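Asks: Given the structure of chain A, go ahead and fit chain S onto it with the hints provided.
Chain by chain, the residues run as shown.
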Amino acid sequence: MATTSSAVSRSVPLRWRSSLEPILLPFGALLASLLIFGLFCAMAGANPFAVYGSIYRAAFGSWFSWQNTLQRAAPLMLTSLCTILPARMGLVIIGNEGALVMGGVAAVAMGLWAGSLAPPVVVFLMALAGMVAGGLWIMVVGALRHYRGVNETISSLLMNHIAIALMNHWVGGPLRDPSFLSKPSSFAIDEANMLGRLWGTRIHFGLVYGIVACLVAYVLIQHTTLGFSVRIIGGNPKVARMVGIAVGKLTLLITFLAGSCAGLAGMVEVAAVHGRANESLTVGYGYSGVLVAFVARQNPAAAVAMAILLGGILASGSILQRSHNLPDATVLVFQGIVFLLILYSESLYGRFDFFRDREPSEPA
Amino acid sequence: METEALGWWGIPLAVIAGTLRGSAPFLFVSLGECLTEKSGKINLGLEGSLLMGAMSAYAISFLTQNTAGSVVAPWLGVLVAGFAGLALGGIHAFLAQQPRVNDVAVGIAMIIFGSGMAFYLGKPFIQPAAPRLPAFELGNWSSSPAIQAALKLSPLLLLGILLAFVMHWFFRSTRWGLFVRAVGDNPDAARAMGISVPKVRALCIMAGSFLAAVGGAYLSLYYPGSWTERISSGQGLMAVALVIFAKWNPLQCLLAAFLFGGAQAIGPALQSVGVQSNYYLWNAAPYVLTLGIMILTSSPRRTLAGMPGALGTGK
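Quick mapping for you: the protein sequence lines, in order, are chains A and S. Counting from -4, one number per residue, gives the positions in the first sequence under my numbering. Counting from 13, one number per residue, gives the positions in the second sequence under my numbering.
This is chain A alone, in the form it adopts within the complex:
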């Protein structure tokens, strides 16, 4: 009896070790980046432990800060999918910011045009408009890649800038509200058509959209034939063609879905936060979404957790400025450190004997 139980206690952890690797390595990278960030703060004359404490309090310390964090996590979940879905078929797309902007502008335009209908219908139409606009925007990237061989990373990056220019053109011209003076903005959508809040909190419904979208994406990629085909293309496009997968159609479909998630993020920002389209849409949720995607290792379910983590870090930006006299770009530096170390941790897979699966040394 005693011998079998000791064999179990030794062999079971050994079998689990290889599945711990994809959890412990990113976690270790996050810890290491906290350490480096601490050194960075120390060099800037701030006490690193006080900074950690402030970040924690501002991000997760109270119900108030949790609400703040979750507000920011919602668009991050949606924009991260814009990178994650294409990444599973081997495409590196970073057009999240552009798709978000296009989605936001389309949602506003729809909200103004259909504003007199019943509010739930208007919200539905705005979400639809945002998703179609963002989806088509990124589908162009996919089509250029498939039919013309245009590098998707660069084209999507360029299209971010084109989207922002288009938004500036529209909110400075046809959609401009002349009575709103602080910066060129579109007309505001009707208060009644804004997204609702979750039961008695300040958190808007965008969070639900984000979580649902990530879970649907997870099931789609991991548990459907379509997702299986996508993963085969990601593994080896030549094999995918040989076994008869319609690579072109799937590229268009996946890039459309990816863009529609980022477009929905734009709709959420418009319909739950700003009420109108203007420069405030381009505060970097798109680029932070790319970071979430890589930190979550292109796993849509993990993206929920990572978006909340990053949402917390973003929420602590103003506190760092006020209590520690650190510039607001500190958060950007922190994001950069996390991103670099997460990428470095990719090279460590298989380097540690600890994570090797071993047969139990003695047959039980």
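A hint or two may mislead.
No farther apart than 30 Å at their CA atoms in a straight line, the calculated lysine-lysine pairs in the DSS-like style are these [said to hold, decoys possible]:
(1) K135(S) / K211(S)
(2) K135(S) / K178(A)
(3) K211(S) / K164(S)
(4) K233(A) / K244(A)
(5) K233(A) / K327(S)
(6) K233(A) / K211(S)
(7) K259(S) / K327(S)
The set of hints was computed from the structure by calculation and includes no laboratory data. Bear in mind that the values here come from a model prediction, so they are computed numbers and not experimental data.
Replies: Leaving out everything else, chain S in the frame of chain A:
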């Protein structure tokens, strides 16, 4: 506006002036990216190097103006900017050469990290005025201020043009240029020749990042000539596309830089003669041009003309 006297003729003149002013950053980043990619790795993070260069050049020029004098200080800034870029390039070179690490992803991370560092360290230098780089005034024969402004040339631009020719000669006719091309085209063959692939790549990536940072120094110390967080209009991001357009040839980088500098100058030139409509759309001209060129030059079947063999293969 001074161009008003020239009427509609002011537009081409303003575009030429804008091209001469605005091309240098494109030239330096595209030469830097060209050198990097010739060795077989991509550096998408040159935007970070550019911003870091712009910030450190301005900061050094401001901080040393009393000790070094207002003539030397900006040049000191350019030099320090280059070394700041070199340091960022070192990080990219180390990470992008690790097994299973995607160089494109590292580039995206370096954009975030580099711009974060530049904004962080550059916060105190947004307000004060630093001594700027001088210009060669070639238009003094004319009484028209528009022509005088158009013919102001930065020594840094001339240096960049010279560099394009030097780099062309380097790749074609020198032993080291051959090493770089061998590493970029066929790392296995280069290894068989006894060349250290990681070392050559690290040197190319770091030197490329140095050049991009000098391009940034031009932005903050010559034109527009001040340090703000919005100083770059994405020149570092467009570098990769410019190099594809230039077919990995330094002399064609020169042409590409002038083309893009010109495209960027159209919007402000139209505005200067009073055409206000579609101003924002004209601002997107360089991006639309880049995308259009990429669509025309790419092909789903064959590889791009002049592309180094190991680029994007992870080898």
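Asks: Could you tell me which of the numbered hints above are not met by this structure, giving the numbers in increasing order?
Replies: 1, 3, 6
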